[in-house]
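There are 2 protein chains.
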Amino acid sequence: MPKKNHFSKFVGILLLGFVVKTCLAGIDPLPSWNESPAKQSILLFVAAVTDPSSPDYVPPTERIATFDNDGTLWSERPVYFQLLFAIDQVKKLAAQHPDWQETQPFKAVLENDMDSLAASGHEGLLQLIMATHAGNTTEEFSYSVKDWLTTAKHPRFKRPYTEMVFQPMLELLNYLRANGFKTFIVSGGGIEFMRPWTEVVYGIPPEQVIGSSIKTKLELRNGKPVLVRLAKINFIDDKADKPIGINQHIGRRPIAAFGNSDGDLEMLQWTAAGDGKRLMLLIHHTDAEREYAYDKNSAIGKLDKAMEAALKNDWSVVDMKNDWKVIYPED
Amino acid sequence: MPKKNHFSKFVGILLLGFVVKTCLAGIDPLPSWNESPAKQSILLFVAAVTDPSSPDYVPPTERIATFDNDGTLWSERPVYFQLLFAIDQVKKLAAQHPDWQETQPFKAVLENDMDSLAASGHEGLLQLIMATHAGNTTEEFSYSVKDWLTTAKHPRFKRPYTEMVFQPMLELLNYLRANGFKTFIVSGGGIEFMRPWTEVVYGIPPEQVIGSSIKTKLELRNGKPVLVRLAKINFIDDKADKPIGINQHIGRRPIAAFGNSDGDLEMLQWTAAGDGKRLMLLIHHTDAEREYAYDKNSAIGKLDKAMEAALKNDWSVVDMKNDWKVIYPED
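Quick mapping for you: the protein sequence lines, in order, are chains R and P. The first sequence begins at 257 in the working numbering and counts up one residue at a time. The second sequence begins at 257 in the working numbering and counts up one residue at a time.
Here chain R stands alone, though its shape is the one from the complex:
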């Protein structure tokens, strides 16, 4: 239908004019983003779905945006930060568990063997979490995460992990919310590892965090009901299970999705398969100096098939080195 395409192009040009004017007026909602195709695609998308006279208009209740966390909202190197948390917990408790010296993945932790650990993936991570936290209540676990975050520092950047978040993405989250979007995290990381801090750091409340989880059980302790964390996996929120997690928690399809690795491919495909205008965006880690540079040969945050899909389907790709003025928030 060439007529519709012409019309879409015309509307696109009109919207682009609006966007350019807004920026010229000095009201850049994404000040840490250099002018780039990725930034333009975001501004055009938001303008199109929020303008009631646009053919692409989406009512506010349906403006659902989902974000991967590790590598998309904060760094994930040298290994997932939750793994560094689990490592610290294992070391703390090792004296009480002599068998850990000979059992993986604990052996790898105690020997600082990061490669073996990385290879164990999210499942290995959850094994560590379960071993170090089974029997704890959800509240106790939340305290231990918050406690760790106040003291632990990133090995290379020497700053708290909650300051290893991406400033351009914080601006994007705020920009989307200011335009009526509801922002969700959809991460392979532990749901209870993220919830204690996502509201303060990202402005994303616990009820909008989806992640991997272990099973819990209601028990009475000292006459009070508590939820005890069990050493049993409930859900791994990765790859083909991300759309399942989205459906389970949100119950409708996002119109925008943001990721950085092959683990996000199905979430982006699921988002793309809906009707109407969509925004799919991948973050490509290209900045070895200010952050890290990695893609298809990386054990953590491997980006291969998702990049292929992005190029084939004309999804947006952020080149961190060239597209972002700053990486982390200023001190």
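Hints are supplied without guarantee of correctness; some may be wrong.
Repeated chains share a single entry, so a pair holds when one copy, or any two copies, can fit it.
Claimed, not checked - Lysine-lysine pairs mimicking DSSO-like chemistry, simulated, CA-CA at most 27 angstroms apart: (1) Lys409 to Lys561; (2) Lys488 to Lys471; (3) Lys471 to Lys495; (4) Lys480 to Lys363; (5) Lys473 to Lys488; (6) Lys558 to Lys480; (7) Lys533 to Lys480; (8) Lys561 to Lys473; (9) Lys577 to Lys414; (10) Lys473 to Lys568.
Calculated from the structure, these hints are not laboratory results. This structure is a prediction, so every number in the text was calculated from the model and none was measured.
Using the hints provided, position chain P relative to the given structure of chain R.
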């Protein structure tokens, strides 16, 4: 600490004065509620947690209210409405399944044996759902629910099921939201049975609906990703599993919870066990004429232990016959 009690009482009297004044001024936020202890407890609670100068103040982000659905927001007689939906689906498909004539719970459905069906509970209901819907996609299921709701009518009241909702509870939902609360459904009913209509009927979006579910699987059909519903139970959101569902989906403890049966007891206890001011409310079905009258001897919506707990702990109890001016919205 008698001093604190005196102070609380003093604040209570001040707030009651405010509430009475508001009502005298003609701005009754709950016009379908007669003056009663239950209504007063709601007004006092909301005034206390929303007044920044009150010792009971709760910031908006933590104003989480959870509602059971069947028997709390809409009727549940003669049987759960989802069961009536499943029954209609079984009858529709019976010709293709001759074995159903001799297999429970299908036999009960085809013979209109409501007692056997009721005894099968939420699990029996889910069996029917699974048998009639396995292989369908989540979108197809959503359509079939919406389709049924446009044509099916309640056997006794001869009105659509979406008009079998309680007018006083609609007012309560609106009142809470107007005061910064986020309202959630926490129901033993199917999550995908509720989501297609809760936003229009209750103002509760799909992402704030928690319920029982069957497992799903991501598949490609005609080159498009779909979520296929599997004949396997994922989660039964009832009794001791309600706090688990709340933790899984919301990640924080409600400060107000509303139910009507023993299936809601643990949700109310979980809510009550948090710090600070709380509101726990039970709806007692006492109106055989305008709705139904049942409690401890009922197979559906059995109210026995939860009522004991309410009396013991001074939770609020609605006497439907005396406390509600109307039951259903006017035509």
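Exercise for the section: Please name the hints from earlier in the document that this structure breaks, with their numbers sorted from lowest to highest. Expected result: Checked against the structure, the hints that fail are numbers 1 and 4, while the rest are satisfied.
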